[in-house]
Amino acid sequence: MSPVIDFDEVAKRFGRLPVLNGLCLQVQAGEVFGFLGRNGAGKSTAIRCLMGITTADSGEVRLFGETVSPRAVALRRRVGYVAQEQHMYPWMSPRTLGRFVRGFYPTWNEARWRELITRFDLPIKRRLGTFSGGMKAKLALAVALSTRPELLVLDEPTAGMDPVARREFLDLVRGETEREGVTTFFSTHLIDEIEAVADRIAIVEGGRSIYEGALAPLASRTVGYSIAVEDDVPGSLPGPFAAERLRLLDEGVRGGRRHLVMMLAEEEMPGPTGASYSPVLNPGWRPERLSLEDVFVALVSRHIGASDAR
Amino acid sequence: MATRALLGKDLREHGLAALGLLLGGFALVALAIAQNRAAAFSMSPFEVVRFALITFVPLIVLTVGNRLVVREYLSGTRQFVEALPVGTSLPLTIKYLLGAGFLILLGVLLIALCTLGSSAADDVTAPWLALLLAKTVVILLLYWSIVFCFSLCGHLRIMLYLSVLGIAALIAWSPGIDSSRFAPFNLMDRDLFVFERDVVPVADMLWTLVIAAAFTAGGFLIARLGNGAVVERLAKPMSRRDFVVLGVLAAAGLTLGGLIAEDQSRDPIRFGTNTVLRNIDPAIEMYYAAEAYRGRSEAFMLLVKEAEAPLQTVLGIESLPVVRLALRPGREPHDIDYGTLDGVYVAANWMEHDSYDDAVLVAVVLHGLLSARTGGRAPFEPHHWVLDGFTRWWAETLGDPARLRNSHRDELLARAAFVAARLDEDADLVSTWQLVADRFGYPSAEALAFSAMHYLSESAGSNAVLAVGRAFLSEPVGASILASAADRRRPSWQRFTDATGISRDDFLRGWAQSLANATREPGVASKLAAVPPIEAVIDVADDAVPTIIAGYRATHGSTSLSDAYADTRCILRHGPLSAFDYEFDVDDEDELEAPCALDEQAHTLRGRYASGDRVYVALEMESPAFHQPLRLDSRRLNIP
Numbered sequence: 004m005s006p007v008i009d010f011d012e013v014a015k016r017f018g019r020l021p022v023l024n025g026l027c028l029q030v031q032a033g034e035v036f037g038f039l040g041r042n043g044a045g046k047s048t049a050i051r052c053l054m055g056i057t058t059a060d061s062g063e064v065r066l067f068g069e070t071v072s073p074r075a076v077a078l079r080r081r082v083g084y085v086a087q088e089q090h091m092y093p094w095m096s097p098r099t100l101g102r103f104v105r106g107f108y109p110t111w112n113e114a115r116w117r118e119l120i121t122r123f124d125l126p127i128k129r130r131l132g133t134f135s136g137g138m139k140a141k142l143a144l145a146v147a148l149s150t151r152p153e154l155l156v157l158d159e160p161t162a163g164m165d166p167v168a169r170r171e172f173l174d175l176v177r178g179e180t181e182r183e184g185v186t187t188f189f190s191t192h193l194i195d196e197i198e199a200v201a202d203r204i205a206i207v208e209g210g211r212s213i214y215e216g217a218l219a220p221l222a223s224r225t226v227g228y229s230i231a232v233e234d235d236v237p238g239s240l241p242g243p244f245a246a247e248r249l250r251l252l253d254e255g256v257r258g259g260r261r262h263l264v265m266m267l268a269e270e271e272m273p274g275p276t277g278a279s280y281s282p283v284l285n286p287g288w289r290p291e292r293l294s295l296e297d298v299f300v301a302l303v304s305r306h307i308g309a310s311d312a313r
Numbered sequence: 129m130a131t132r133a134l135l136g137k138d139l140r141e142h143g144l145a146a147l148g149l150l151l152g153g154f155a156l157v158a159l160a161i162a163q164n165r166a167a168a169f170s171m172s173p174f175e176v177v178r179f180a181l182i183t184f185v186p187l188i189v190l191t192v193g194n195r196l197v198v199r200e201y202l203s204g205t206r207q208f209v210e211a212l213p214v215g216t217s218l219p220l221t222i223k224y225l226l227g228a229g230f231l232i233l234l235g236v237l238l239i240a241l242c243t244l245g246s247s248a249a250d251d252v253t254a255p256w257l258a259l260l261l262a263k264t265v266v267i268l269l270l271y272w273s274i275v276f277c278f279s280l281c282g283h284l285r286i287m288l289y290l291s292v293l294g295i296a297a298l299i300a301w302s303p304g305i306d307s308s309r310f311a312p313f314n315l316m317d318r319d320l321f322v323f324e325r326d327v328v329p330v331a332d333m334l335w336t337l338v339i340a341a342a343f344t345a346g347g348f349l350i351a352r353l354g355n356g357a358v359v360e361r362l363a364k365p366m367s368r369r370d371f372v373v374l375g376v377l378a379a380a381g382l383t384l385g386g387l388i389a390e391d392q393s394r395d396p397i398r399f400g401t402n403t404v405l406r407n408i409d410p411a412i413e414m415y416y417a418a419e420a421y422r423g424r425s426e427a428f429m430l431l432v433k434e435a436e437a438p439l440q441t442v443l444g445i446e447s448l449p450v451v452r453l454a455l456r457p458g459r460e461p462h463d464i465d466y467g468t469l470d471g472v473y474v475a476a477n478w479m480e481h482d483s484y485d486d487a488v489l490v491a492v493v494l495h496g497l498l499s500a501r502t503g504g505r506a507p508f509e510p511h512h513w514v515l516d517g518f519t520r521w522w523a524e525t526l527g528d529p530a531r532l533r534n535s536h537r538d539e540l541l542a543r544a545a546f547v548a549a550r551l552d553e554d555a556d557l558v559s560t561w562q563l564v565a566d567r568f569g570y571p572s573a574e575a576l577a578f579s580a581m582h583y584l585s586e587s588a589g590s591n592a593v594l595a596v597g598r599a600f601l602s603e604p605v606g607a608s609i610l611a612s613a614a615d616r617r618r619p620s621w622q623r624f625t626d627a628t629g630i631s632r633d634d635f636l637r638g639w640a641q642s643l644a645n646a647t648r649e650p651g652v653a654s655k656l657a658a659v660p661p662i663e664a665v666i667d668v669a670d671d672a673v674p675t676i677i678a679g680y681r682a683t684h685g686s687t688s689l690s691d692a693y694a695d696t697r698c699i700l701r702h703g704p705l706s707a708f709d710y711e712f713d714v715d716d717e718d719e720l721e722a723p724c725a726l727d728e729q730a731h732t733l734r735g736r737y738a739s740g741d742r743v744y745v746a747l748e749m750e751s752p753a754f755h756q757p758l759r760l761d762s763r764r765l766n767i768p
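Quick note, the sequences are listed as chains A and B, same order.
Numbering follows my numbering, in which position 231 of the first sequence is assigned residue number 234; successive positions increment by one, without gaps.
Numbering follows my numbering, in which position 551 of the second sequence is assigned residue number 679; successive positions increment by one, without gaps.
Bound-form chain B, shown alone (with noise of 0.2 Å):
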């Protein structure tokens, strides 16, 4: 009777509040996994409970235990059901099972919609699902636990709230501690939450309900202590003591705090004063090794100097920050390390430069500042092409498109108009060009953007090119949530219409006009004439051991290739993925080389990877008539 009594009293105080609870985290997930199915690289839906889970379960948490306990507690209703008959646990029982059935509640529910909103891609099993229930449920266990614990703490709640949270970021982020290791740190671990399908971590979970059960245990412990004298002096206002003990407690950890930052800091990048050139204005410096590099190195060192100081004039910017340049003697001249660490920090080996190696330089320097001008804005979608290809046509023109050479403006149109010949005739190639850099690599994305940059110059004049450099990178987006918002709604397209006056429609039926005009000029048609007329073939073998074969075919129904390729080399790259769709470029670390031939066959990677594994690969030509290697086409994998 007491315990239907204090069960259809909770549920009629706080069902309204429990259905609300479960609608609002509903409508977050919902829109996460709209959002996620709409995102040029989507996840797993099922990664959105895991996000659910680091982010607005620990408030719906929190709101259950306000609700459930701390109403409870601070108001003195409490005192009203410990003078009825009935023991001090049960209510506190059944408020603390009320909690926990909700909140598994929420779990399976959140675990269907994402079932409702999967694919076939996911592969949805019994399993598989029950594995994550169960992960889900051990979580949201151990943050009940704690909330139900913390929640009879009274006033001493916010700092024991303020202390776990500050040890779980301190375990979470410490680079000296490997958080996906231990439990239950490693039950949401990014890449095994959701894809880890064979391993049941029964001694993690185990110990995450152990955590919970001695806080659970807490909890009970607090409520009896001294026949509930403590709770109740707990529940009462904090007393100047506790406003004391809070402050040095707070200033405690703010120097704990202090400490570890300045443990965990690190010198700025500083070059020494040997093999060291420099210009303070713009602030550039360059290391340049050894002696015997110092003349290419002052050459090269004079290009930036020659691209950045006029840009800063025509972007009407003030002050850029400080560029470093590293010379790496035995690299590959595309071989890039790339920073924007104290201001820009690019690594390479301009010693076998020729100008177009130097104009990719460049242009990577120049990425490199407009990035931090624009506090990290312009290297995001949808301004990332804008910022590609500014700055390569930057780099080649400086402003003047007199200056470009036919050489690299038949190299770079020839790439542009390789890549949108493969895609569909009528691909918004602003909009799918971030996909396009995803599938044909970076090299050949700079260059379709480069085109844009190119026919607006040719079409409207170097001005407009300069105007669209002014609206989208010359100025930093704001820090602050509603600067943000600010930056979102205008829309970019509305952006370059009103910088050049140029509307979205036309702007792109006339660049994919001139870049079909293009192919048709001697320069750009021979370089495209170099291209093995193949196509990439990538499959996954259905074998007992996990094969991926790769190779090429003919385009136009030949049967071989001349030996006009002969000089031409047909490599795989590939290399592993996370779980998410992240902005992903393989190196040449793991690559397979092969003669260009009509083989569908011609790279076979047997057992490297395991089943459920998901692999990046990409079939790529180097030719001499190409600064960089053109990369055929690419595929992201799941390994069966």
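If we strip away everything but chain A, and leave its shape as in the complex, we get (with noise of 0.2 Å):
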């Protein structure tokens, strides 16, 4: 069976400027696939391309497995989409949006519609105008679930939103995708709320993706160690890993101890039980504890680094 989202060695400029550069990646049937990148990665460059607003430069996008860029009108009839920032028409209510938006597809459900409406706690007669960030956030998802996509594409809903908005449109989210289990590709540079609600997912850097899979692995292959500066011994490392199995994604001296944190090797992790990975360290060298957070700044400073340095 085909991916529902293949992105082949897609690349895109802006005049001199490369946004996209090799992006590869897919998105399986019935995943809910967290695309991860910081501001300006290419995300939102890399959506428009997939919904057909720009064209590649070079590669191949398909969504359904067709070419984007010829059928892209009706390819978008089958995808739900959630912009990052909410342009509606702000004379319009949710109502009169219903109407306007259901033109445009044939699958629309207004009964659907209805419901999410009244779920969501959204004012049926009021103008769009007056709606908060978060308001339009779940009216944009109201919208694009009562068009029972196949795709559901999500650019980065929740920015702009405050924590308890942000939480509350994550939890619908989750329940809707759950429900209908619909295909879902969600866009944000904030890693928690991939933790949420992603089954896999691709980091993208510098326009192209660093890494592509679970986010289980991606934690536990991420290690970090400190050792206090007037112990290091330049070039030493915490244990007996080989070099070659061993990837340093970030080094830097804090609070008067250097930091290490690397990614490790499939072949060094214990296997599928899932047992917690814990070498015999040289003297002097412990263990850190790492956020999710800490391994996506780590992943994308070394590729920053890499960048910089060719």
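Hints are not guaranteed to be accurate.
Some chain A residues close to chain B (C-beta under 7 Å, calculated; not the full set) [stated by the list, open to error]:
| hint | residue |
| --- | --- |
| 1 | Arg-79 |
| 2 | Arg-80 |
| 3 | Tyr-84 |
| 4 | His-90 |
| 5 | Met-91 |
| 6 | Tyr-92 |
| 7 | Phe-103 |
| 8 | Gly-106 |
| 9 | Phe-107 |
These are computed hints drawn from the structure, not numbers from a lab.
For every residue, glycine included, the Cβ atom is placed at its ideal position computed from N, Cα and C.
Using the supplied hints, reconstruct the complex from the two chains, each of which is provided in its own coordinate frame.
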């Protein structure tokens, strides 16, 4: 079965600025896929290519097995899209917005629209100009889900929301995607959002994917250690790691200690049982607890460092 | 489905505003038509369409573009639409068609409204209306295409509009470019827009549509460039670099405009040093052409000086512009060129003048001085009669009624009485003064205005006349709209009554009575007796070749004229009128002379004017009893 989304060596430049630089990733049917990257990493451009709003300079974007660019309009009918910023008409109410949008989707489900509006607690007759960012995002999600989409694309939908609204929105996304089983492509720069909803992720940096896979192995393969600066021997490693199976992601001195973040090769991992990895460390070294955010930052930092070095 | 959704959305969003714009446009057009009807010199109501097209319709088009396109792009709602399953072009196409449809509807309704306001004189026919409508629609499509294209250029649009406006102004006003010869300017030519009936400017309309199509295509192209990235970039607020570019372009435009203005500027009129007389206070320069003319010229200059200096004092005017008088020895005594550029410039031949002719010319000089003093207000209604009457009264009396020569008085009052006798008994001689000038010529209208000042002087004293002069002619109207409005707010008669203490009705009644009484005075009666008892007959023959026929018939049933009028010349003077009923006076370039006889076909003008032309025809008599021709009557003719 062909993937729902397939980016194949996609490149895109704006003038002299490369935004996508050979992006490759695939999303399978039924997945909730997290698309993670810093601001400016190329996420929105990738989504615009996916939606057929803009075309790639090279490479190919396939949606439901079809190349997007010649059939963008027809393919977009099968996609529910929640944009980063909700540029809805401020003079419309949810009622008039529904009337407007349903003209574009043969699959529009009016009953579901009404149900979602009620469930999301949105005032049906109030002008959208008076809606908060969170309400607009919920409304956009309701619109997207009411089209009975085969794919739900969320482009940093929580940007600018307060923590409460963000939590509420993510709960709705999780609930609805679980309920409908719809393939979901969730773009964000906040790793905790991904953690809450995604089955698999891709981390994009500099216009290409630097990690694609499940979230859990990423967390377990990335380890952190520190040593007091005065005890540190330059060039030493925390333990008996095989250098060829080790990727040093990040290194720095904080609070009088030298910190290392490393990604280990799969062969180094304890196996499918999920047992924690605890090698015998050299004197002075101690393990550090890494959050997913630390892992993300380390991964991205390494990539930036590599790019700068090039 | 998508088309209907987009159409419905735009109609819901802009329907009310569109209705408001339609009603607003209607109100303005209705107002213009009503004002035109009420005006003394009315124009065709269809001129209002042209007026609308060059004044407020562009603003309506801008508003439409702003609402339909700019708002969508600057507010970012375009991004909402582009994420929907619809192509890039469909929303834009719908907006273009909606805007075009609305403006075409506006054009149709404007023409319809003007048709309702038209009269038989407009000779409304279906082909003519179709031509007017076609030209209107083509121009509206051009406007809309430009606005549509520029609306997609985000913050650059202001600069683009200013550039187009500058280029259009340059083409329209540059003396070296005849904009009436090429599209789209000639479609709005003031003489052709309404009055062209026979020739359909197909090529010009097509060319205009090509320009419109180019702008439209440009708009769609901009929207598609870089998958919309260009439009998106332009929709963002101006960057510092944009401001710099805009500043540089504005500076370049100003420099270019300055260079053009400098190129078109002319040196002020200056006389050389030879054969020129100069007076410092008041400032008068006189070019007398040759030493042989010096003596007479000095005498005339003295007359001007004697009239100007005390006038300045009695009206309380601090300074007056320089007067430049140029002698033109070959001219007829009353052939006068007059302008108010660089002060007052008058070119005439005063070598053969008698005292009456001198007074005419001095009044012309004073007319120019006070026109300039009032910032151009005095020669416009309803002040013009005061300007003409006062300046002539002053030229004749210098403020002292005892200086008025009887011969001058008799001739002026005879002219005034002649005119008054040909108007309705109830006619308000002041309100209809401009029409009198148009019908009987300015010499007679000036005499009528003089008679009013003369009556005022005799009934209330010369100080009353001076008070009127001060009230109407001593202060310039401010340059601002508010000052102009304040000037208009004070009715003319109120100003007169405040100055003299005499009510309008009393004055008009007394003045009319004084004219009636004057006809019984021997001097005036003898002048009037020199006018043959004839009245003018002017008609257009219903012939294959347009023919104007004019002549004279008896006023009191006589069958022939006595020999007493043997040295009286009867003259038809004529000239083409423009599409507008502007103030107009014939010169003696085109004239036909005939003996003054009872002949209703004394003058025949065959084939000189074509069907559709408008012609001013005047019948005048020249008699030794009058210094200037006495116009018997005149008409503005439409050649069928």
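Taking the hints in turn, this is what the structure says about them:
1. Arg-79: Where the cut-off is 7 Å and the nearest Cβ of chain B is about 4 Å from A:Arg-79, the hint holds.
2. Arg-80: holds, 4 Å
3. Tyr-84: holds, 5 Å
4. His-90: Holds, because the Cβ-Cβ distance from A:His-90 to chain B comes to roughly 4 Å (cut-off 7 Å).
5. Met-91: The hint holds - A:Met-91 has a Cβ within 7 Å of chain B, the shortest such distance being about 6 Å.
6. Tyr-92: holds, 6 Å
7. Phe-103: holds, 5 Å
8. Gly-106: A:Gly-106 check passes; min Cβ-Cβ to chain B is 3 Å, inside 7 Å.
9. Phe-107: holds, 5 Å
Checked against the numbered hints given earlier, the structure satisfies every one of them.
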